[in-house]
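Q: Residues per chain, in single letters:
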Amino acid sequence: MRASEPESLRPEEGDQYLDGLLARAARGDQAAFEAVYDTLAGPVYGLILRVVRDPAQSEEVSQEVLLEVWRTAARFDPAKGTAATWVLTIAHRRAVDRVRSAAAATAREQRTAEVPVPHDVAAIVEASLDAQRVRECLEGLTEAQRESIALAYYGGFSYRQVGERLGTALSTIKTRIRDGLIRMRDCLGVS
Amino acid sequence: MALLRNDQHTLTGVYALDALDTAAEVARFERHLNRCDSCTGEVRGFRETATRLAMAVAQPPPASLRAAVMADVARTRQVPATEDRARHARRMARPTLLPRLAMAGAALGLAAAIVLAVVLVNTNKQLNQTQQQLGQTQQELSQAKRQLILTQTQLAAINAVRTAADATLVTKATKIGGRVTLVKSAAKRQLVVTTSGLPPLKAGKVYQLWLIGAPGHKIRSEGLLATPRGGRTGPVLISGVLAGDTLGVSVQQAGGSIQPTLPAVIVLIPAA
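Going line by line, the protein sequences match chains A and B.
The working numbering numbers the first residue of the first sequence as 1 and each following residue consecutively.
The working numbering numbers the first residue of the second sequence as 1001 and each following residue consecutively.
These are computed hints drawn from the structure, not numbers from a lab.
Do not rely on the hints blindly, as some may be mistaken.
[To be verified] Within a straight-line C-alpha distance of at most 20 Å, the following computed EDC-like cross-link-like pairs (lysine to aspartate or glutamate) qualify:
| # | chain 1 | residue 1 | chain 2 | residue 2 |
| --- | --- | --- | --- | --- |
| 1 | A | 80 | A | 68 |
| 2 | B | 1172 | A | 64 |
| 3 | B | 1205 | B | 1222 |
| 4 | B | 1202 | B | 1166 |
| 5 | B | 1172 | A | 15 |
| 6 | B | 1202 | B | 1037 |
| 7 | A | 80 | A | 143 |
| 8 | B | 1172 | B | 1048 |
| 9 | B | 1188 | B | 1140 |
| 10 | A | 80 | B | 1222 |
| 11 | B | 1175 | B | 1037 |
| 12 | A | 80 | B | 1037 |
| 13 | A | 80 | B | 1048 |
| 14 | B | 1172 | B | 1222 |
| 15 | B | 1205 | B | 1037 |
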C-alpha cells in the first residue's frame, strides 16, 4: 500500500524545509523566522535592489517586505506554491509599487545613467553556482524574449513601458514574455 | 467572447511578472484567473520560474537590515489566516405573500354575494398558506444559523490543528497530477487535508478520502472532496487519527463507495 515515500521536512529539501519554517513563523516562532530571513533576505534584497536601484531605498523596501512576511505568514498557503515564491512575489510587487509612481519613475530614470538598464541579463545574473543554470536557460531564449523578460522583471517596467522602450506592439510583448517564461520554466524543470 | 478570453489567457506571463499596467487590468485578469484552471497553473509555474530569476540576483543585504527587521518582528502582531468560507451558509427560501387579493377585489365588482363568500374563503386559505410558508422560512433560517455555527466551529478546529505546536506538513503529488497536502497534529489526533491542481473528473466520478488503519485494521471513508474552486479543495478536518493510519484519496463513482477500489487510489500518505 505504501509504494512511494512522501516528502517530509528535511533541511536538504529546500522548498519543504522553508515551507515548514514559515508555518512555524506563522505561529509566532521568531527563531524559525530568523531562519527564513537567513535563507531569503539575500534574494529579497538583491531583487529589490535590481528593480529600485537605490541601496538606501532598497533596504527600506526590503525591511517592509520582510516585516510583511512575518505579519502575514499565516496566509501563506503551501498548496499554492513554495514559501520562497510567496516571499519573492511580495518583494517584487513592493519593488514595482515603489518605482511605478510617476515621481519615483522620473528619479529612477536619472539614476539610469549610473546603473545600466538591465538589458544584458547575463551581466546581471551573478556568477554563483546556483545562478549557473538560470544563466544557461536564459541563453536558450531568443534575444527578444530575454530582453522583454529582463525589462519587465528586473527592470520593473510594465509591459506597455517595455513595448515603448523596444518600439514593439503590446500584443507581441505579451506573447514574447509568455513564450520566454514557458521556455525558462521547462529549461529549469519547474513543475 | 472566445477571442477576449484567449486574449486574457496570453497575459499569464505579464501578470506573473507584475507587469500589467493598471490595477483595473490586474482586477480583470484575476477575474479571468478565477475561472481558468490552466491559467492558474501557468501563473504558478511562471512565478516559480521568476523566483529562480530572483535567486540568481541575490545580494548580501546590509547588516543593519537584519537588526531592523528582527526589532520590528519583536513588536509586530501577526494576523490570523483568513477564512471566508463561513459566509457560504445556505440561502434562505423566499415566502410568496398574499398574491391574488387585488384580483379578488376585481371579481368582487362583478359577482353576487355567493361569489363574495367563495372569494373570502379562498383568501382565508391563502392567508393560512402564507402563514405556513412563513413558519417554514423561519425554520430554514434557524437551520441556516445552526449550519453557520457548525461551520464556524469546524473552522476553529481546522485552525487549531494548523497552529498546533506539534503540527507537521506533508505534501505529495498524486499519480494523476496535482498535490494533496496534510497538516497533522499527533497530539490532537487530527489532520487537515487540502488539495491543489487535482485534474477535473468526468461526470459521474468523485474524489473520496479514506483513513486506512494499520494492516488488519479498518478502512474508514472520510467523505467526498468538494468541487475544486480555483483548482483547490479543502480544508477538510479528519479526527480520530491513530498511529499507523494512512490517508488515501481515490476516484470513485459519484455518491462514493463503502470501500476504496484499489486501482482507484491515486495517493497514499502516512496520516499520523
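Q: Could you run down the list of hints and mark each one as holding or not?
A: Hints versus structure:
1. 80(A) with 68(A): holds, 18 Å
2. 1172(B) with 64(A): Between residue 1172(B) and residue 64(A) the Cα gap is close to 33 Å, so the pair fails against 20 Å, i.e. violated.
3. 1205(B) with 1222(B): holds, 16 Å
4. 1202(B) with 1166(B): violated, 38 Å
5. 1172(B) with 15(A): Holds, at roughly 13 Å.
6. 1202(B) with 1037(B): Answer holds: residue 1202(B) to residue 1037(B) is near 16 Å, not above 20 Å.
7. 80(A) with 143(A): violated, 31 Å
8. 1172(B) with 1048(B): holds, 18 Å
9. 1188(B) with 1140(B): Status violated; Cα separation ~34 Å.
10. 80(A) with 1222(B): Given pair residue 80(A), residue 1222(B) is violated - Cα atoms ~24 Å apart, limit 20 Å.
11. 1175(B) with 1037(B): With a Cα-Cα distance of about 19 Å, the restraint between residue 1175(B) and residue 1037(B) holds, given a limit of 20 Å.
12. 80(A) with 1037(B): holds, 12 Å
13. 80(A) with 1048(B): holds, 11 Å
14. 1172(B) with 1222(B): With Cα atoms ~19 Å apart, residue 1172(B) and residue 1222(B) stay inside 20 Å; holds.
15. 1205(B) with 1037(B): holds, 19 Å
Hint check: violations occur at hints 2, 4, 7, 9 and 10; the rest are consistent with the structure.
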